[in-house]
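J.: Heads up: the sequence lines are chains A and G, in that order. For what it's worth, this note's numbering labels the leading residue of the first sequence as 1, then goes sequentially. For what it's worth, this note's numbering labels the leading residue of the second sequence as 161, then goes sequentially.
Quick caveat, the hints were computed from the structure, so don't treat them as lab data. All values reported here derive from a predicted model rather than from experimental measurement. Don't take every hint at face value.
[To be verified] Taking CB as the label site, the calculated pair distances span: (1) A:S133 - G:A236: 31 to 41 Å; (2) A:V28 - G:G208: 47 to 57 Å; (3) A:V120 - G:G208: 52 to 62 Å.
[As the list claims (entries may be wrong)] Cβ-to-Cβ under 10 Å is the rule here; a few derived chain G residues that face chain A: (4) T199; (5) G208; (6) M227; (7) N230.
Glycine included, each C-beta is placed from N, C-alpha and C at the ideal position.
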Amino acid sequence: MQKILIQLFAVGAMALASVSAAAAVALVHSVEKIERATADDGTVTVTHVAADPVIPGDELRYTITFSNEGDAPVDAGSIVITNPLPAEVTYLGGTAFGAGTRITFSVDGVSFDAPEMLKVTIEGVEVTAPADSYTAIRWQFTPELAAGAKSHVSFNARLK
Amino acid sequence: MNALRARRIGVAVIAAAGFLATSLVHAVGVAAGTGINNTATATYEVGGVAQSPVQSNLVALNVDEMMNANVIWNDAAPITVTSPMTGAVLTFTVTNTGNGAEAFRFIAERLLAGDDFDPVAMSVYYESSGTPGLQVGVGGDTQFISGGEVVIAADGTLAVYVTADVDVGVAAGALSQVGLRAIATTLIAGAGTDDPANPVFPTPGTSYPGAGDGGVDAVVGASYDTSALAVRAEGTLLVSAAVVAIDKSVVSITDPFGGATVVPGAVIRYAITVSVGGSGVADALLITDALPAELEFVPGSLTASAALPAGQELDDDRVPAGIDNTGFDSPSSTVFFDLGAVSGGSAPITLGFDARVR
Chain A
1 MQKILIQLFA VGAMALASVS AAAAVALVHS VEKIERATAD DGTVTVTHVA
51 ADPVIPGDEL RYTITFSNEG DAPVDAGSIV ITNPLPAEVT YLGGTAFGAG
101 TRITFSVDGV SFDAPEMLKV TIEGVEVTAP ADSYTAIRWQ FTPELAAGAK
151 SHVSFNARLK
Chain G
161 MNALRARRIG VAVIAAAGFL ATSLVHAVGV AAGTGINNTA TATYEVGGVA
211 QSPVQSNLVA LNVDEMMNAN VIWNDAAPIT VTSPMTGAVL TFTVTNTGNG
261 AEAFRFIAER LLAGDDFDPV AMSVYYESSG TPGLQVGVGG DTQFISGGEV
311 VIAADGTLAV YVTADVDVGV AAGALSQVGL RAIATTLIAG AGTDDPANPV
361 FPTPGTSYPG AGDGGVDAVV GASYDTSALA VRAEGTLLVS AAVVAIDKSV
411 VSITDPFGGA TVVPGAVIRY AITVSVGGSG VADALLITDA LPAELEFVPG
461 SLTASAALPA GQELDDDRVP AGIDNTGFDS PSSTVFFDLG AVSGGSAPIT
511 LGFDARVR
């Protein structure tokens, strides 16, 4: 029993040592503006442009790229990325994306859950929280992230 | 460009600090100049051991100015005018539906096609007297000088009055369309043209770097889309053969103590002056004045400066209705004068009565 505990501790210490040698997960945040043009035949063309200028009503896409800069794999299911929404934007329902992630939302910034489990009280009636009432988004990356590997998550929001 | 961008991000950070407690979000959107900062954090484990959380870089956006305006014509029906007439008033409301303060130029459109006649002259005033409606003269509303500008705050509204003069010889029933345009002076500067007869409305989305409120970019909003132009409205003038004008005033106040103070028991003498303009005849002209609950009619006080039509008695009883329509109607506490047919241009008729303060 004592031996196993010591071994576990040793593994942990080794992992910490390798991480401090080269910082493991790094996040790079970026934003762009989404423009949608509808042609006469109804075809919608979506283009991504620089978010400048931005005016009320503009659709923005925030992308968070995460990478493993270390030399040890990051545990499967352990990467949890949280993005509190700026007060000046409204989340656009159904736009949160992340390959291999479990996406949850929050209406209070504290507890996170699947959209159908989130409740808010509107005019005295408890209802499933509409997407525009979300205040934060969380992604849990399910697989292991190998050393040197990277992935990204994103969501769209509209400027109030 | 890089230098500009760096400066802008710097501005965004400062603005964000200022707006940390409460974001300034107008009905029309986030105020121009507001900084929007976004960061994400991540937690993770390596070999079953939780690592220190990491933060992303900060993504800073600076909200630019969206230039939008809405102009509506407020009068419920065409403004009745006579031919000739000076100073017919159309009332418009201009709303800055953008997210920043903006200077606007007003352009009145006199020579619109597709109507029956055009006014011979027009002027533009904007509300500054504090009293709703157009007040001309000292302490009145401000005349907008052609080519000038008036600043309206984001979400702000301004009443704008267009006065029109009608020439002689326009037939009754003729209609005239009168337009009012509000255009941000930033657009005029950007488009480089200011021809009222051939206005240029830049395509929504066009942006003018640094030209917005507080030095942000100014972007043309959807209200300037020529297929659904919201920055322009039209009002209508309708020429009528006869137009009735009524003016009510207090002639005298006599209190029970020989003074002129409005106290219970004081008697107020009212005068109602009725004038009919135009070349036609105002038929079945009935003047009514409902007394407020604080006043009681003084019997026998009705007067008229001209003879009333046959059958109309300046008595206290408005009975039977349909024959003698003139008098005081006690149930409704209303004074009635039936003037019948009055020709346009005839001498004004002054009607009077007394009321006592209860």
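J.: Looking back at the numbered hints, which does the structure fail to meet, lowest number first?
T.: 2, 3, 7
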